[in-house]
Each structure stands twice: as structure tokens, then as C-alpha cells.
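Number of protein chains: 2
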Amino acid sequence: MESTEGWTTEPAESGGIVERDFVVERDGARVPGVVWWPSDGPAERLLLLGHGGTTHKRVDYLVEVARLAVGKGMTAVAIDGPGHGDRAYPDLAGGLEALGTAWARNGGTGGIVADWRAALDFVEDDQGARPTGWWGLSMGTMMGLPVAAVESRISIAVLGLMGTYGPLADDLRRLAPEVRCPLRFLVQWDDELIPRDTCFELFGLLGSTRKTLHANPGAHAAVPVTEVVASVEYLDRHLG
Amino acid sequence: MESTEGWTTEPAESGGIVERDFVVERDGARVPGVVWWPSDGPAERLLLLGHGGTTHKRVDYLVEVARLAVGKGMTAVAIDGPGHGDRAYPDLAGGLEALGTAWARNGGTGGIVADWRAALDFVEDDQGARPTGWWGLSMGTMMGLPVAAVESRISIAVLGLMGTYGPLADDLRRLAPEVRCPLRFLVQWDDELIPRDTCFELFGLLGSTRKTLHANPGAHAAVPVTEVVASVEYLDRHLG
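Heads up: the sequence lines are chains A and B, in that order.
Each residue of the first sequence is one higher than the one before, counting from 1 in our numbering.
Each residue of the second sequence is one higher than the one before, counting from 1001 in our numbering.
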């Protein structure tokens, strides 16, 4: 395993957005990430983006959210989750069960929190500390809910498409009451992967006094574009 | 019973808003209402406001919604529901049971639809037909869901704080699939009057393909002001 840590590419500008890759080491593991910021320089607010299961840090829809966030004056950061993207385990197939195995190999929920802390530390060391939010659905909530629960630097979050369900159910149930920041929680009414009632249960457990659930008809991956756009506008209104 | 029909007061202007009372007759019953419009003349869009149980057409929060709507360039209309405001039955106390009795005396769900149609006809005859929306929570949804189900003039709605519950449960369950307009549906997570699960059931039954549920913590009457303001902004974006 290469021991490179820090920026791994030069800044690349396209369409008003600068993009640059990095790697941080955490307990011997390499955590690869990417940062997007406006072409006139790093923004004064930061948004952490958690990708969904079976995808990676640069999946199309996450790049779209990054683009929307940069347009609102935020720097955006994504990392590959355990078993995903450049951190794929060659012996593991996809699916929720493999996800649980990948999670366990990475040190469980404590490991994913440590990954994100290492990434946030790196970006703050390089560009400075700023008001910071979270945006992540599905596996992006399996990562983001624990991060928001224990990391006081997260002051607002968009979560959703996840319930008290799957390999992380116990951790999510335990940590949800520790989340205190304002948040918006998205539910897909006809979610074929995460039973709707378990999403409601998880929302109910979240400790935030300012929390709103938005539910739309449709399958897990069919979140309306208007809802995605509105979620970034929500972060824009309240972050910083 | 007085047989006055039409405007019953002169227009009264205050703070940029003109307000004028009217009465329409419907199958022998008098239905009193009020219209609010911008001081520079009736707006090009119309919003029907359904008040909640135990209140009336000019209850504070409804006047606030009217004010927000007029500020966005809408004319607003409210009527007293059966057994409420100027239509109170002296022998009936408050509460959900009395509400069912008042509803029945007024001709049931068909009666409330006819009341609103008479009011809308009157306002259209006087000021012209315009793109028309609905805003009404709790009893405002017991009125508005049936109106939206059978009245093609309603092109968008804000509903909520109601479920497959109470004296109108069967009518609401039956008519919900007939509602086809885009809508936003508000739920209070800790609603002590209308069980949350019955609200979810009613939302699920609504026939609209574009519908979004917004849920916030708190009791029945504790809808966050931000959610009320956002509901009028939603109507403003999509009406007309």
C-alpha cells in the first residue's frame, strides 16, 4: 500500500469549479477523497457529501450536488466509503450484506467516523476551518448520521433514504438521539430497499429539535430533482 | 333567516390589503365569507382558505396566511364552515363529535363542497375566474380534500393535519384518490388530535402524482411558522 498522504492531483478547473483529489491515512488505511470549490478560491462554508451504497465519491448525482453547493458558495468534500470506489474489496460483491462486511473490516461505525474526521482535518488544515454541513442519503446517511452525532463541527444536515434497518440498524438507533443539529430528512414513499416505517422510526429517534421530514412518491433512487435542489437551498439558508 | 346575498360590507383597506365580506345562499342556507385582495385591485390568482375546527373564517392564523398570499399577488377567500363562526349552531358544543353533527346538518361532505362552489362562483362572477389553489389544515383539509377531489378549478393545494380519522374518515378515504392536483401535505409528528399513522394513510391514498409530505415535531397546532411561510411560497411558485 502506497503511503502517499495529502493532495494527489493538481487543482483542475472546469466550468467555474476547481476539483482536487486527496488521500488521508487513518489507522493504516488509505481514505481517498475529492474537494470541489469555486474557481475564485475556497468558499467560506464547507459541505461534506456522503455517497450512496454501490456508488463512490464521484458518482454523477453527487457531483451534481457538489456543483449546486459550489454555486451557492460552499466548498464540497466527498470520500469513498468502506468497500466503495477506490476502496473496493475485490472479494466482496455488492448489496447490503457485503456492505456490512466492508463496514466491519473498516472498524465499524467508529471507523467511518474516523475516516471522515481525518478527511475534515485534512481539508481544514489546508484551507481553514469553516461552518460545515452534511449532505448524504441512504449509505450517505449510514455515514453521516454517526458523523453528525459525534462531530460538533457539523452544524446542519440533509439525511434520508435510511431507516432502523440493515447492517447498521443498531448503531443508527443508538446514535440518532445524539444528533442535535437542524436537519432535513428525505423519505421515498415507495422505497423498495428501505421499508418506509423504519425510515419514520429513525426520523423519530433523531435528537434534533429542528428537523423536518420530506416524503415524495417513488422508488429509493427516484428522489425528485426539485427536492435535491431544495435540499441544497435549505443548507444554503442555514449554514454559517 | 335574512335573504341578503352578495357583498355585505363596503371594501375596507388596511395595510395594503382590501377586505370585504359577502354572503352566498346555498339550498336555503346562508354561507358567510370574506375576500382579501391587494389595494391596487383583485389579484390574478385566487387562494381558497379553509379554517380549522373550533375557529372561523377570520381566525388570526388564517388572516396571516391571507396576508402572505396577498403579498405574493393572490386574492384570498375564506368562508365559515358548518357549525363555525357566523354559522354556529347554538345547541352544539365544540369537539370532533359536534363537528360531525354540524357537518351532517349541512348536508355532509356534499354540502361543504356545495358551500365552497357557491362561494367560488360568487367571487368569480364578481372579479373574474383565475387560477385557483387551496390552503387548509385539519378541518381545512376535511373541507378542502373533497373540494379538490371534485372541483377541477382547484389546480394546487396545501393540505394536512388530518388523516383517515374522525367523522369524515370514510369520505376522505373515498375521495382522496380523486385528488389529482399537485399538493403539499403537512404532518405534525406529535399530533395529539389526529394519529400520525392515519395522516400517513391519507397522504398515501391521495391520487396526485406530485405530492410531498412535510412533517415537523410538535403538537397539532404547533406548525412551525417557517413551514407556513414556505407553504405559501410553494403555492406562489406553482399557481397560475
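Fair warning: there could be bad hints in the mix.
[Claimed, not checked] A short, non-exhaustive set of chain A residues, derived as facing chain B with CB atoms under 8 Å: (1) Trp-189; (2) Gly-204; (3) Gly-207; (4) Thr-209; (5) Lys-211; (6) Thr-212; (7) Leu-213; (8) His-214; (9) Asn-216; (10) Pro-217.
[To be verified] The calculated label-pair distances, taken between Cβ atoms and stated as ranges, are: (11) Gly-1128/B x Gly-71/A: 51 to 59 Å; (12) Tyr-1061/B x Gly-240/A: 29 to 37 Å; (13) Gly-95/A x Pro-1131/B: 43 to 51 Å; (14) Arg-1237/B x Gly-218/A: 39 to 47 Å; (15) Tyr-89/A x Arg-1173/B: 48 to 56 Å; (16) Gly-218/A x Ala-1221/B: 25 to 33 Å; (17) Ser-39/A x Gly-1128/B: 48 to 56 Å; (18) Gly-218/A x Thr-1009/B: 41 to 49 Å; (19) Ala-222/A x Gly-1218/B: 28 to 36 Å; (20) Ala-222/A x Ala-1221/B: 55 to 63 Å; (21) Arg-1174/B x Ala-221/A: 27 to 35 Å; (22) Arg-1117/B x Glu-97/A: 52 to 60 Å; (23) Gly-1204/B x Glu-13/A: 42 to 50 Å.
[Stated by the list, open to error] Short derived list, chain B residues pointing at chain A, Cβ under 8 Å: (24) Trp-1189; (25) Ala-1219; (26) Ala-1221.
Worth flagging that the hints you see were computed from the coordinates, not collected in a lab.
All residues carry an ideal CB built from backbone N, CA and C; glycine is no exception.
Outcome of the hint check:
1. The closest approach between the C-beta of Trp-189/A and any C-beta of chain B is roughly 7 Å, which is under the 8 Å cut-off, so the hint is satisfied.
2. For Gly-204/A, the shortest C-beta to C-beta distance to chain B is roughly 7 Å, which falls under 8 Å, so the interface hint holds.
3. Residue-level restraint check for Gly-207/A is violated (minimum Cβ-Cβ distance to chain B is 11 Å; threshold 8 Å).
4. For Thr-209/A, the shortest C-beta to C-beta distance to chain B is roughly 7 Å, which falls under 8 Å, so the interface hint holds.
5. This hint holds: Lys-211/A has a C-beta 6 Å from the nearest C-beta of chain B, less than the 8 Å allowed.
6. A least Cβ separation of about 5 Å between Thr-212/A and chain B falls short of the 8 Å threshold, and the interface hint therefore holds.
7. With a cut of 8 Å, the hint placing Leu-213/A at the interface with chain B holds, because the nearest CB-to-CB distance is about 4 Å.
8. A least Cβ separation of about 6 Å between His-214/A and chain B falls short of the 8 Å threshold, and the interface hint therefore holds.
9. Interface restraint check: Asn-216/A against chain B, minimum CB-CB distance 5 Å, threshold 8 Å, status holds.
10. Hint on Pro-217/A holds. Least Cβ distance to chain B is approximately 6 Å, under the 8 Å limit.
11. At about 40 Å, the beta-carbon gap between Gly-1128/B and Gly-71/A misses the expected band of 51 to 59 Å.
12. Taking the beta carbon of each, Tyr-1061/B and Gly-240/A are about 31 Å apart, inside 29 to 37 Å as hinted.
13. Between Gly-95/A and Pro-1131/B the beta carbons are some 48 Å apart, a value that agrees with the proposed interval 43 to 51 Å.
14. Between Arg-1237/B and Gly-218/A the C-beta distance comes to about 20 Å, which lies outside the given range of 39 to 47 Å.
15. For the pair Tyr-89/A and Arg-1173/B, the supplied restraint of 48 to 56 Å holds, since their beta-carbon distance comes to about 49 Å.
16. A beta carbon spacing of about 31 Å between Gly-218/A and Ala-1221/B agrees with the range 25 to 33 Å that was offered as a hint.
17. At roughly 50 Å, the beta carbons of Ser-39/A and Gly-1128/B sit within the given window of 48 to 56 Å.
18. Under the hint 41 to 49 Å, the C-beta atoms of Gly-218/A and Thr-1009/B, about 48 Å apart, fit the expected range.
19. Restraint check, Ala-222/A to Gly-1218/B: a C-beta distance of roughly 29 Å satisfies the suggested window 28 to 36 Å.
20. Evaluation of the 55 to 63 Å hint for Ala-222/A and Ala-1221/B yields a failure: the beta carbon distance comes to about 34 Å.
21. In this structure, Arg-1174/B and Ala-221/A meet the distance hint of 27 to 35 Å, their C-beta atoms being roughly 33 Å apart.
22. Distance hint for Arg-1117/B and Glu-97/A: a CB-CB separation of about 57 Å, consistent with the stated range 52 to 60 Å.
23. Checking the proposed 42 to 50 Å range against Gly-1204/B and Glu-13/A shows it holds: the Cβ atoms sit about 47 Å from each other.
24. Hint status for Trp-1189/B relative to chain A: holds, with the closest Cβ pair at about 7 Å, below 8 Å.
25. Given hint, Ala-1219/B at the interface with chain A, is violated; its Cβ is 14 Å from that chain's nearest Cβ, farther than 8 Å.
26. Annotation: interface hint on Ala-1221/B violated; nearest CB of chain A at approximately 17 Å, more than 8 Å.
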